[in-house]
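Taken in order, these protein sequences are the chains called A and B.
Just so you know, we're using UniProt numbering here: the first sequence kicks off at 1 and counts up by one.
Just so you know, we're using UniProt numbering here: the second sequence kicks off at 1 and counts up by one.
Be aware that one or more of the hints could be misleading.
Using 25 Å as the maximum straight-line C-alpha spacing, the simulated PhoX-like pairs for lysine-lysine come out as follows [what the hints assert, rightly or not]: (1) LYS73(B) / LYS5(B); (2) LYS245(B) / LYS213(B); (3) LYS73(B) / LYS302(A); (4) LYS302(A) / LYS78(B); (5) LYS73(B) / LYS21(B); (6) LYS5(B) / LYS78(B).
The set of hints was computed from the structure by calculation and includes no laboratory data.
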Amino acid sequence: MPDTSQTASRGFTLFPRLSGAAVAGILIAIFLMAFLILPVAQVIYVAFLDARTGAFTLQNFQDFFSTTLFRESFVNSFYVSAMSVVVATLIALPLAYITTRFNFAGTAAIQALGIIPLIMPPFVGAVAMSLLFGRNGSINLLLNQYFGFRIPFMEGLNGVILVQSIHYFPFILINLSASLRNIDRSMEEAAQNLGSHGVRMFRRIVFPLAMPGYLAGAALVFIKVFDDLGTPLLLNVNNMLAPQAYLRITGVGINDPMGYVISFILVAFSVFSLWASFLFMRGKDYATVQKGGGGLSRRDLKPSEKWLAWGVIVLILAMVLSPHIGLLLLAFGTIWSFSPLPDGFTVQHFGTIFTQSSQYVWNTIVYAGSAALIDVVLGTAIAYIVIRTKVAGRKWLDYMATAALAVPGVVLGIGYLRMFHGIQLPFGLGQMSSFWGIIIVALAVRRLPYALRACMAALQQVSLSLEEAAESLGASRASTIRRIVVPLMTGGILAGFVTSFATAAVELSATIMLVGRSSDAPLAYGIYLYMQSPAGRGPGAALGILAVVIVALGTYLSQRIIERERARQTMTGQQH
Amino acid sequence: MTQTKAGIRIEDLHLSFGDTKVLEGIDMVIEPGEFFAFLGPSGSGKSTLLRAIAGFGPTPRGRILIGDRDIAKLPPWKRNVGMVFQSYALWPHMSVRRNVAFGLEERRMPAREIGPRVERALETVGLLHLADRMPAQLSGGQQQRVALARTIAIEPQVLLLDEPLSNLDAALRVQMRRELLALQRKLGLTTIFVTHDQEEANTTSDRMAVLDKGVIQQIGTPQQLYDQPANAFVAGFLGTANILKGAMQGPDFVTAAGQRLPVAAPLGDANRIVLRPQNIRISGSGGEIAGRVAHREFLGSQIRYLVETPDGQIIVDTLHSSGQPPYDEGATVSLSIDSQSAPLLAD
Numbered sequence: 001m002p003d004t005s006q007t008a009s010r011g012f013t014l015f016p017r018l019s020g021a022a023v024a025g026i027l028i029a030i031f032l033m034a035f036l037i038l039p040v041a042q043v044i045y046v047a048f049l050d051a052r053t054g055a056f057t058l059q060n061f062q063d064f065f066s067t068t069l070f071r072e073s074f075v076n077s078f079y080v081s082a083m084s085v086v087v088a089t090l091i092a093l094p095l096a097y098i099t100t101r102f103n104f105a106g107t108a109a110i111q112a113l114g115i116i117p118l119i120m121p122p123f124v125g126a127v128a129m130s131l132l133f134g135r136n137g138s139i140n141l142l143l144n145q146y147f148g149f150r151i152p153f154m155e156g157l158n159g160v161i162l163v164q165s166i167h168y169f170p171f172i173l174i175n176l177s178a179s180l181r182n183i184d185r186s187m188e189e190a191a192q193n194l195g196s197h198g199v200r201m202f203r204r205i206v207f208p209l210a211m212p213g214y215l216a217g218a219a220l221v222f223i224k225v226f227d228d229l230g231t232p233l234l235l236n237v238n239n240m241l242a243p244q245a246y247l248r249i250t251g252v253g254i255n256d257p258m259g260y261v262i263s264f265i266l267v268a269f270s271v272f273s274l275w276a277s278f279l280f281m282r283g284k285d286y287a288t289v290q291k292g293g294g295g296l297s298r299r300d301l302k303p304s305e306k307w308l309a310w311g312v313i314v315l316i317l318a319m320v321l322s323p324h325i326g327l328l329l330l331a332f333g334t335i336w337s338f339s340p341l342p343d344g345f346t347v348q349h350f351g352t353i354f355t356q357s358s359q360y361v362w363n364t365i366v367y368a369g370s371a372a373l374i375d376v377v378l379g380t381a382i383a384y385i386v387i388r389t390k391v392a393g394r395k396w397l398d399y400m401a402t403a404a405l406a407v408p409g410v411v412l413g414i415g416y417l418r419m420f421h422g423i424q425l426p427f428g429l430g431q432m433s434s435f436w437g438i439i440i441v442a443l444a445v446r447r448l449p450y451a452l453r454a455c456m457a458a459l460q461q462v463s464l465s466l467e468e469a470a471e472s473l474g475a476s477r478a479s480t481i482r483r484i485v486v487p488l489m490t491g492g493i494l495a496g497f498v499t500s501f502a503t504a505a506v507e508l509s510a511t512i513m514l515v516g517r518s519s520d521a522p523l524a525y526g527i528y529l530y531m532q533s534p535a536g537r538g539p540g541a542a543l544g545i546l547a548v549v550i551v552a553l554g555t556y557l558s559q560r561i562i563e564r565e566r567a568r569q570t571m572t573g574q575q576h
Numbered sequence: 001m002t003q004t005k006a007g008i009r010i011e012d013l014h015l016s017f018g019d020t021k022v023l024e025g026i027d028m029v030i031e032p033g034e035f036f037a038f039l040g041p042s043g044s045g046k047s048t049l050l051r052a053i054a055g056f057g058p059t060p061r062g063r064i065l066i067g068d069r070d071i072a073k074l075p076p077w078k079r080n081v082g083m084v085f086q087s088y089a090l091w092p093h094m095s096v097r098r099n100v101a102f103g104l105e106e107r108r109m110p111a112r113e114i115g116p117r118v119e120r121a122l123e124t125v126g127l128l129h130l131a132d133r134m135p136a137q138l139s140g141g142q143q144q145r146v147a148l149a150r151t152i153a154i155e156p157q158v159l160l161l162d163e164p165l166s167n168l169d170a171a172l173r174v175q176m177r178r179e180l181l182a183l184q185r186k187l188g189l190t191t192i193f194v195t196h197d198q199e200e201a202n203t204t205s206d207r208m209a210v211l212d213k214g215v216i217q218q219i220g221t222p223q224q225l226y227d228q229p230a231n232a233f234v235a236g237f238l239g240t241a242n243i244l245k246g247a248m249q250g251p252d253f254v255t256a257a258g259q260r261l262p263v264a265a266p267l268g269d270a271n272r273i274v275l276r277p278q279n280i281r282i283s284g285s286g287g288e289i290a291g292r293v294a295h296r297e298f299l300g301s302q303i304r305y306l307v308e309t310p311d312g313q314i315i316v317d318t319l320h321s322s323g324q325p326p327y328d329e330g331a332t333v334s335l336s337i338d339s340q341s342a343p344l345l346a347d
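So that you can see chain A by itself, here it is in the shape it has in the complex (with noise of 0.2 Å):
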């Protein structure tokens, strides 16, 4: 709706424009609704009716909470999740503490931690996880043959922990850091100057100020956890609540209530962390950092410190490589069982994909730059229309798809299915939920909070000033969007592309709902069924290979373009 006081100063070319944006805005809440809201709204709502009579009831979260298995699957997910916190706090807090506190040469190696676990998938590097830690995994083997014991590490729980939280770890080094780097050393000062120092100090004036980003961080690597279907399924765990939920739904069918009373609690859950750590962020803007003053002062470390850190990095480094490492032993061995390394090596597995399952590659590049696509035109006139006109209830559009963040694949998946089950497409698609199509739509769905991000930031670097210099030089606004503005935004829309490219081509808690037939699956569906047997984990191994590839390229190439986009702002000095 166009604002009278903007037309007023505006003039005569606003109508057209701002009813542009409308209408664009209009079609984008349509797009929302249809995708995200309402087969949401709807798994939510069937969670409520009892099955055959169609009336609202409570009975089937008392039948929940009353099936054994169920119990067990919730406290399981619960205890997973928070030990998952707890080991990833472990491994994230001395990296932390040594790059924040100390001048060490091993910095660069740390930031390196931080980012390589991210460009594997958890549920890719599982199954060589358990390879290499399992009960007989090449760790176990060698701790029996020489020292006599096992540690089970992969033992049930303790396998999904252990994946989860090497995986997702860097959430909390990289809150945690950020915190850490925002404390300005005149915090630490005045409480030196006033007689505090040490362990004290650290406990009364550093840690409280670290907090709110470490809980930050904490509140999201529980919820990735909880919701997290790909890891439990590929490690066999199945009493945890996201597969409870896929094996319902796939197995007892669309129907059974259970499946949705564990997407409400998903839900539920993913909400409330999401509002917890909103809440511990809130009004607790620590960043005491002032102007030319530095962070904490770093000190120099002593040479038995050193031994010391570079001792926990090597460790560390060494567990968070270990999925890579039996990955890649996975795709290039012949046979792996029973031994610490592979009989023999061999490309054979790569020479499989490629003639029996190149399908599953090239679904996976249509799939996720489809979705990359919709996600950088939805992210770019979502961020155009928040921030630059003045279209009633704008914001709405934001709220609407940074929502997805607190959606569990599982549960958009669900919706999908109840929702779009039964309608025939024309011209012999088939039904709508088992089209190949509505998986592009999920990923897209899935990944549009972060693209939006992206491009947001992006107009927020573009100055309002670059735009009025075109208009009073006579363009119209349709043709400074055209040539001034999209331009701008290129490097920022393009890393929001690579992104979102390279996290859909390995998701998969949404689509193994969605996949109707095998030759319509993607990579991250096409790993999943390889590794069911023992047969097919070297081909599995090999697409984990691609995917990881895909993943870090992605990482690497929006990286550079971020850099070289940051690198030109800073040339051409722009003021904001």
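We have chain A already, so just place chain B on it with the hints.
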């Protein structure tokens, strides 16, 4: 509050960041109860010197005595010098009361003594009614006072203020300046105040040290430094100064262009003369220096002329009274010097 008044003596202090020398051969004595200012441009080393007294930054070479105790090698938490940071450094996760209590708690003082001490400190700065607020809920001036209360609560031997007024707006700055001075007088605390603002230093301090490039240029009362600057840097840093080159010839100072200026206190090896703009009289004729008005600025109470002379441009300030016609740009004028207020420099 009872304070043990302690003086500060700094002896041959050197300090460097890596290979960069930041302080060289600092020697000074600050009397007990004195309000002392470190004045200098940014990068002069004034803050570094203050931080060295508090125990922050690289360990310096030399001695820092507070009373009879050499604290140069002590860690910050054993020095008992109170420092108020430029950014105030209030801990955002603690209330005002807990911020102020912190130092006392660290000294393991019994809780029943801490409460009254905190209230007394807050009362001293007039903020007792805000004791349970969080720092983020306070204005800049209030935060400044809390930082001050937090520091005086521990009853330090010495109070160090690092550019305490720089984060306040202009009106508040003048008010806080007076309050700081009043508080210092009341507590009788030996106080060092770091600033780059000569007006702040002039109005508050008993004595001050002017620093440049890590070296003390001059120590004295504000008036001494203004009237008898030791070198061209001090002369130029404190107020506006016309500095003319030349040499002594008998009782007079002769400028490079040959203008003869009478001086009250001849100095044999003087090679420069400092002429303050307000100590030069401008007239149509009869002065020591002839020139031509190159530029004129009307400043309200004053008129500032830029006069082109054989010795270069000279700035002259004259009081403005209405009805008195100013000299036009291009007019030929003559400048006369007050021999009593034209200090000589030899360097």
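Against the structure, the hints come out as follows:
Restraint check: the Cα-Cα separation between LYS73(B) and LYS5(B) comes to about 22 Å, which is no more than 25 Å; the hinted pair holds. At roughly 23 Å between alpha-carbon atoms, LYS245(B) and LYS213(B) fall within 25 Å of each other, so this suggested pair holds. Our distance criterion of 25 Å between C-alpha atoms is met by LYS73(B) and LYS302(A), whose separation comes to about 19 Å. Simply put, LYS302(A) and LYS78(B) have alpha-carbon atoms about 23 Å apart, close enough for the 25 Å limit, and the pair holds.
Of the supplied pair hints, the one linking LYS73(B) and LYS21(B) holds, its CA atoms being roughly 19 Å apart against a limit of 25 Å. Distance restraint check for LYS5(B) and LYS78(B): the Cα-Cα separation of roughly 18 Å lies within the 25 Å cut-off, and the hinted pair is therefore satisfied.
In summary, this structure violates none of the numbered hints.
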